[in-house]
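Respectively, the protein sequence lines represent chains A and B. Just add 3 to the spot in the first sequence (first one is 1) and you have my numbering. Just add 59 to the spot in the second sequence (first one is 1) and you have my numbering.
Everything labelled a hint here was simulated from the structure, so no lab data went into it. Check each hint, because a few of them may be wrong.
No more than 25 angstroms apart at the CA atoms, straight line, and that leaves these computed lysine-lysine pairs for PhoX-like [claimed, not checked]:
| no. | chain 1 | residue 1 | chain 2 | residue 2 |
| --- | --- | --- | --- | --- |
| 1 | B | Lys100 | A | Lys45 |
| 2 | A | Lys106 | A | Lys5 |
| 3 | B | Lys100 | A | Lys103 |
| 4 | B | Lys100 | A | Lys5 |
| 5 | B | Lys79 | A | Lys45 |
| 6 | A | Lys103 | A | Lys59 |
| 7 | A | Lys106 | B | Lys125 |
| 8 | B | Lys125 | B | Lys73 |
| 9 | B | Lys123 | A | Lys5 |
| 10 | B | Lys73 | B | Lys114 |
| 11 | A | Lys103 | A | Lys45 |
| 12 | B | Lys114 | B | Lys79 |
| 13 | A | Lys70 | A | Lys59 |
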Amino acid sequence: QKEVEQNSGPLSVPEGAIASLNCTYSDRGSQSFFWYRQYSGKSPELIMFIYSNGDKEDGRFTAQLNKASQYVSLLIRDSQPSDSATYLCAVLGYQLTFGKGTKLSVIP
Amino acid sequence: GAVVSQHPSWVICKSGTSVKIECRSLDFQATTMFWYRQFPKQSLMLMATSNEGSKATYEQGVEKDKFLINHASLTLSTLTVTSAHPEDSSFYICSARVNPGQSQETQYFGPGTRLLVL
Numbered sequence: 004q005k006e007v008e009q010n011s012g013p014l015s016v017p018e019g020a021i022a023s024l025n026c027t028y029s030d031r032g033s034q035s036f037f038w039y040r041q042y043s044g045k046s047p048e049l050i051m052f053i054y055s056n057g058d059k060e061d062g063r064f065t066a067q068l069n070k071a072s073q074y075v076s077l078l079i080r081d082s083q084p085s086d087s088a089t090y091l092c093a094v095l096g097y098q099l100t101f102g103k104g105t106k107l108s109v110i111p
Numbered sequence: 060g061a062v063v064s065q066h067p068s069w070v071i072c073k074s075g076t077s078v079k080i081e082c083r084s085l086d087f088q089a090t091t092m093f094w095y096r097q098f099p100k101q102s103l104m105l106m107a108t109s110n111e112g113s114k115a116t117y118e119q120g121v122e123k124d125k126f127l128i129n130h131a132s133l134t135l136s137t138l139t140v141t142s143a144h145p146e147d148s149s150f151y152i153c154s155a156r157v158n159p160g161q162s163q164e165t166q167y168f169g170p171g172t173r174l175l176v177l
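If we strip away everything but chain A, and leave its shape as in the complex, we get (with noise of 0.2 angstroms):
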């Protein structure tokens, strides 16, 4: 059984502050990472991939993946009220996989 694990938090941090989002999985031929966003009621936004081993920076996201530890993460810089949302890490082996998801919410 393919497993993807997340903290389900919620996770609290002030408005500005960096918010640190934590996924691992054990699939170790998984090739491809994803993060998507989810706001109640609403359906998952994809917000960042990486296939390879390091950072990705896409505006105030950064995606880190460390294959050898089978870990992947999700950094939000400048955390804004409006990413509060529940965050879903997915991991791409012989099909997408998803995590429960980690609720952050961005105190004002």
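Given chain A's structure and the hints, the job is docking chain B onto it.
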């Protein structure tokens, strides 16, 4: 990114009726689409994988005779909830597979359909 639409966005129906939900890929062809269900405050649950031109693959515990899936074209998959009951009330979300089998493979989600069965 790729655009996936769903119709209707919400539907209210009486118990015992059937409801059809459409999922369309608007600017690309999708040989594979997925159907998820999400209850309030719970995580996404994959119901089935829909493959164009062939039968859908259902996840364990999902009744294939109750949730009929048809993927008749490269841009359209439909989910029909037959003889809907109040316990089928949920948020149904489809997604489409982009760049299958390539390193850039990913999934894009439709906006979801909220179903309320009275």
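Of all the hints given earlier, name the ones this structure violates by number, lowest first.
Violated: hints 7 and 10.
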